[in-house]
Amino acid sequence: MSHRALPRRRLPLRLLAAAAALATAGTLAACGGDSGAGTGADENEKVELTYVSYGGTGQDGMIKNWQQPYTALHPNVTFVNASPPDAAQVKAQVQAGVVQWDLVSTAPWLASQNCGTLYEKLTVPDVDPAQFGPGVLGECHIPDFAYSLVFAYNAEKWPDPATAPKSIKDFFDTARFPGKRGVVPALQDGILEWALMADGVAPDQVYPVDVPRALAKWESIRSSTTWAANVGALLQLVTSKQVDMQIMVQARNQAALDAGAKIVPVWDITMTSVDGLAIPKGSPKKAAAERFMSFILKPEQQQKISEAIGVAPSNLLSKPNYTENGAKINTFGPANTGKSVPVDAVWWGKNWNQISADFTKWLNA
Amino acid sequence: MTTSRPRWLPRPGWLLIVPAALLLGGTLGMPLWQSFWRSVHTVVPVGEPGTAQLTLEHYRALFTDGVTLRVLARTGKAAAIVTVVALLLGYPYAYLMTRVGARARSVLVVLVLMPFWTSALARNFGWLVLLYDGGLVQRFLGLFGLGDVVLYGTATGVTLAMSQVLLPYMVLPLYSSLGGIDRRLLLAARSLGSPPLVAFWKVYWPLSRGGVAAGMILVFTLACGFYVTPALIGSPRESLVAQLLGQRTTQLLDFAGAGALGTLVLVVTLVLVAWANRVGGSMATIGAGFAGQTRSAR
Numbered sequence: 347m348s349h350r351a352l353p354r355r356r357l358p359l360r361l362l363a364a365a366a367a368l369a370t371a372g373t374l375a376a377c378g379g380d381s382g383a384g385t386g387a388d389e390n391e392k393v394e395l396t397y398v399s400y401g402g403t404g405q406d407g408m409i410k411n412w413q414q415p416y417t418a419l420h421p422n423v424t425f426v427n428a429s430p431p432d433a434a435q436v437k438a439q440v441q442a443g444v445v446q447w448d449l450v451s452t453a454p455w456l457a458s459q460n461c462g463t464l465y466e467k468l469t470v471p472d473v474d475p476a477q478f479g480p481g482v483l484g485e486c487h488i489p490d491f492a493y494s495l496v497f498a499y500n501a502e503k504w505p506d507p508a509t510a511p512k513s514i515k516d517f518f519d520t521a522r523f524p525g526k527r528g529v530v531p532a533l534q535d536g537i538l539e540w541a542l543m544a545d546g547v548a549p550d551q552v553y554p555v556d557v558p559r560a561l562a563k564w565e566s567i568r569s570s571t572t573w574a575a576n577v578g579a580l581l582q583l584v585t586s587k588q589v590d591m592q593i594m595v596q597a598r599n600q601a602a603l604d605a606g607a608k609i610v611p612v613w614d615i616t617m618t619s620v621d622g623l624a625i626p627k628g629s630p631k632k633a634a635a636e637r638f639m640s641f642i643l644k645p646e647q648q649q650k651i652s653e654a655i656g657v658a659p660s661n662l663l664s665k666p667n668y669t670e671n672g673a674k675i676n677t678f679g680p681a682n683t684g685k686s687v688p689v690d691a692v693w694w695g696k697n698w699n700q701i702s703a704d705f706t707k708w709l710n711a
Numbered sequence: 340m341t342t343s344r345p346r347w348l349p350r351p352g353w354l355l356i357v358p359a360a361l362l363l364g365g366t367l368g369m370p371l372w373q374s375f376w377r378s379v380h381t382v383v384p385v386g387e388p389g390t391a392q393l394t395l396e397h398y399r400a401l402f403t404d405g406v407t408l409r410v411l412a413r414t415g416k417a418a419a420i421v422t423v424v425a426l427l428l429g430y431p432y433a434y435l436m437t438r439v440g441a442r443a444r445s446v447l448v449v450l451v452l453m454p455f456w457t458s459a460l461a462r463n464f465g466w467l468v469l470l471y472d473g474g475l476v477q478r479f480l481g482l483f484g485l486g487d488v489v490l491y492g493t494a495t496g497v498t499l500a501m502s503q504v505l506l507p508y509m510v511l512p513l514y515s516s517l518g519g520i521d522r523r524l525l526l527a528a529r530s531l532g533s534p535p536l537v538a539f540w541k542v543y544w545p546l547s548r549g550g551v552a553a554g555m556i557l558v559f560t561l562a563c564g565f566y567v568t569p570a571l572i573g574s575p576r577e578s579l580v581a582q583l584l585g586q587r588t589t590q591l592l593d594f595a596g597a598g599a600l601g602t603l604v605l606v607v608t609l610v611l612v613a614w615a616n617r618v619g620g621s622m623a624t625i626g627a628g629f630a631g632q633t634r635s636a637r
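Just so you know, the protein sequences line up as chains A and B, in that order.
Offset between the first sequence (1-based) and the working numbering: plus 346.
Offset between the second sequence (1-based) and the working numbering: plus 339.
No lab work stands behind these hints, which were simulated from the structure alone.
In this text the structure is predicted, and so the values were computed from the model without any measurement.
A hint or two may mislead.
Partner residues aside, some chain B positions facing chain A, computed with beta carbon under 10 Å [claimed, not checked]:
hint, residue
1, Leu467
2, Tyr491
3, Glu577
No residue lacks a Cβ here, since even glycine has one placed at the ideal position from N, Cα and C.
Let the sequences and hints guide you as you build the complete structure.
Here's what the structure looks like:
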C-alpha cells in the first residue's frame, strides 16, 4: 500500500512529520481496501470494489439489487461498502494520490465540474445512448437512477379540486393560495428553474438561469416559505401538516402518502434529475468499475432499484411496477399529465460556485 | 540522586508528554498547519502544473462575500446567549452541589454528566422531537400563552438545545471552583455584620470568578464550533459558522476558503479567550478548577 505524500514544507520539528506519517500509515492500514485482490483490469481477475453511497435503505437496495447479483454472475468481483460519499474525501484522496474509493455517488453537476480532475472520464462498455434521455449520460458519471421533485399540496387545505392549485404559478401565488410552503434549498434539484418557469419563462429557455430573477421570485414568498434543512425534515413538516404545499423528492412524497398525508401532486411542469455514480480519478480498478456500471444501467437492474427504493429508472426501456401510492406520484409514468424538464448538470457544473455563493447570501440575508 | 545528566538533556519528566505530543502533533498540529498554509496560498487545480503563491485573497473574500461576517456575528451572538444561559442555570446548580451530602452530590453529578454518556445523535434527535411544532416544549409553552413560539428551524430552538448539551462544561469547573472556597470566610463576613447577600457579593462571588471565567470560556468556544445541533435543529436560513464551513468543504470543495474561515474563527476565539482571561481571572483556573485546588482570596 502506498503511503500518503507528506507536504514538502519546512517544519521546525521533524518529529511532527514522523508522527503524522505514523498516524496516517496506521489509518490507511486499518482501512485496507486491497486485501490481496488485483485491479480487475482483466475481466477474470479477482477484484474488490469499494462502493460509497448515501447509506441507509438506499444503499441496502443497491447492495441487494446490484452488487449481490453482479457477484453471483462474476464471482471474481466483490464489494466493500462505505458511506457517506463525501466529495471532499474524494478530493483529499486524489490530491494525496491515495485513491481508495472505486465507485462513488456524486451529484451530476459535481462530476461535470470536476470531470477529468477529480473524476475519471468514462468509457462504459455496452451502453446504448438511445435508451437514455438527452443529457442524462455524463462524461464523468453514469445516471444510476433518476428522480424528480414533485409539487404537491395538502388536500385537507384545498379539498375541492376545482379551486385547488393547478400550476407551479400557484406555488408562488400567496394571494390566491395563502399558506405555508416547504422546500429544501438544494440548487441541484432545480429550485431556481421552478421559480423562473412560474415567472413565465418557457421550459426550453430556463438555461442560462437568470439568478436575480429567480431569487426575486422566491423573495416574493420568502415569509411564507419554510426552508427545511434536509429532505427528512421536509417530510416531517409535510406529515405533521406544518406546510400546506411543498416541492419534494418523489420517493419522499410516496413516504408521505404511505404515512397517511393527504397530498395531491400538481402535474404542471416538473424538474427531473439523476443521481450520478462516478469513479475517483486515479482508481486503479477503473476498468472493473466501468463493467459494473454497464450492468446497473440495464433495464432490469434499473427496474429493480426503482421498485426497491422508490426512485425512477434512468433507462427509458425500464418499466417498474410501482405500488398504488408509488404510481400516483411517479413523474416518469402515465400519472404525470404535465411536462418534465431535466436539470442541466453540465451548465450547473460551470456555474455552481458563483450561484451557490449568491444563493447562500440571499438565503441568510 | 547521585547520577548526573548532561545539561542539554531535558529532564526525564518531560518524556512523559512525548506520546501525547506526538499524537497531537500528527493529528491536530499537522492538519491545522496544512489548513492555514492552504488559506494563504493560491489554489493550483488538481493535476495541473504550477506553484502556489502567497496570497491573502481568501481572507479578503471572507470580508466581502456579504454572508460570512453576518454568519460570524450570528454565531457569536448564539454562543454568547448559550454561555449566559448556562451560567444562570449552572451557578446555582454547582452551588447546591457544594452544600449537599455525598450521596445527593453523586446524584447531581450523574444528572449533569448524563449528556456526556448519551450519543450526540440521540441527544440531538431527542431535541428534534421535543422542539417540533406541536411537540412537547411548544405545548408546555402554550400553557403560558406562548403556544405560537416556533422552535424547530429557528435560532431560539438551537440555543435551547445547545444550552442543555453544554451545561456540564459550565457546571464542572464551577463546582471545582466553588467547592474550594473556604466557607469560614463567609462566616467571618457575617460575624463582622455583613448581610448574607452582601457577604455573597463581596466575598463568595469574587472567589468564584475563576471558575466562572473557566466555565464561560469552555462553553463559549465549544458553542462557536457546534455543527450537529444547528444542522439538525436549525434552518439553512440561519446558518451558523460550522454549517458554512461544512458547505465550503463538502460542496464547494473550497479547501482554501474553508481554511481561511477556520483560521479566522480560531483567531477570533483565541482573542476572546485571552480577553476573558484578563477580565475573569487566570487561564490556569481551567486546569486548577478541574483539579479542585483551593485558592486563597486575592
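Against the structure, the hints:
1. Leu467: Holds. Min distance 8 Å.
2. Tyr491: 8 Å, holds
3. Glu577: With a closest approach of 7 Å, the B:Glu577 hint holds.
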